[in-house]
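J.: Just so we're aligned, residue 1051 is where the sequence shown starts under this note's numbering, counting upward by one.
Rather than coming from a laboratory, the hints here were simulated on the basis of the structure.
Nothing false has been slipped in among the hints.
With a cut-off of at most 25 Å between alpha-carbon atoms, the simulated DSS-like pairs for lysine-lysine come out as follows:
hint : residue 1 : residue 2
1    : Lys-1082  : Lys-1131
2    : Lys-1156  : Lys-1070
3    : Lys-1075  : Lys-1156
4    : Lys-1156  : Lys-1131
5    : Lys-1138  : Lys-1082
6    : Lys-1091  : Lys-1110
7    : Lys-1160  : Lys-1070
8    : Lys-1082  : Lys-1156
9    : Lys-1075  : Lys-1122
10   : Lys-1070  : Lys-1131
11   : Lys-1138  : Lys-1122
12   : Lys-1138  : Lys-1156
13   : Lys-1160  : Lys-1075
14   : Lys-1160  : Lys-1131
15   : Lys-1070  : Lys-1082
16   : Lys-1138  : Lys-1075
None of these values were measured; they are calculated from a predicted model.
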Amino acid sequence: MTWALLLFVLIGLFTSIYSKIQFLKNRKGCEKIEAEVVSYKKERGGMRNDYTTFHYPYVKIEYEPGEYILVKLRYANNITKPFSIGEKVNVFWYYDDLLYWDTYEKGIYKYLPNSWNIF
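Start from the sequences and build out the full structure, keeping to the hints where you can.
T.: What follows is the structure in structure tokens.
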């Protein structure tokens, strides 16, 4: 029982480290864009047959003076709304998804290593 729990924790830790490293690799070379959070919409999760709803922030990106687009930010939470309305956040485009720049700089994720070369 104890070994199984330890193994489960280690797998979770290595999965989190791998996710952070991949995210940082994907972010490298992308342009940092400033966006403003304008609203939240509750939407179903991305998994099929999953009826859990998440609060997705919608942000406004100004691309010319006086002209902007509203885009769904792929940074959802099903309990809280991580940003306040009107808050300026840094984002970047990764293919067709708009992602939050500082995703792994909050909570416990900021303590995880940025590469596999820990030493």
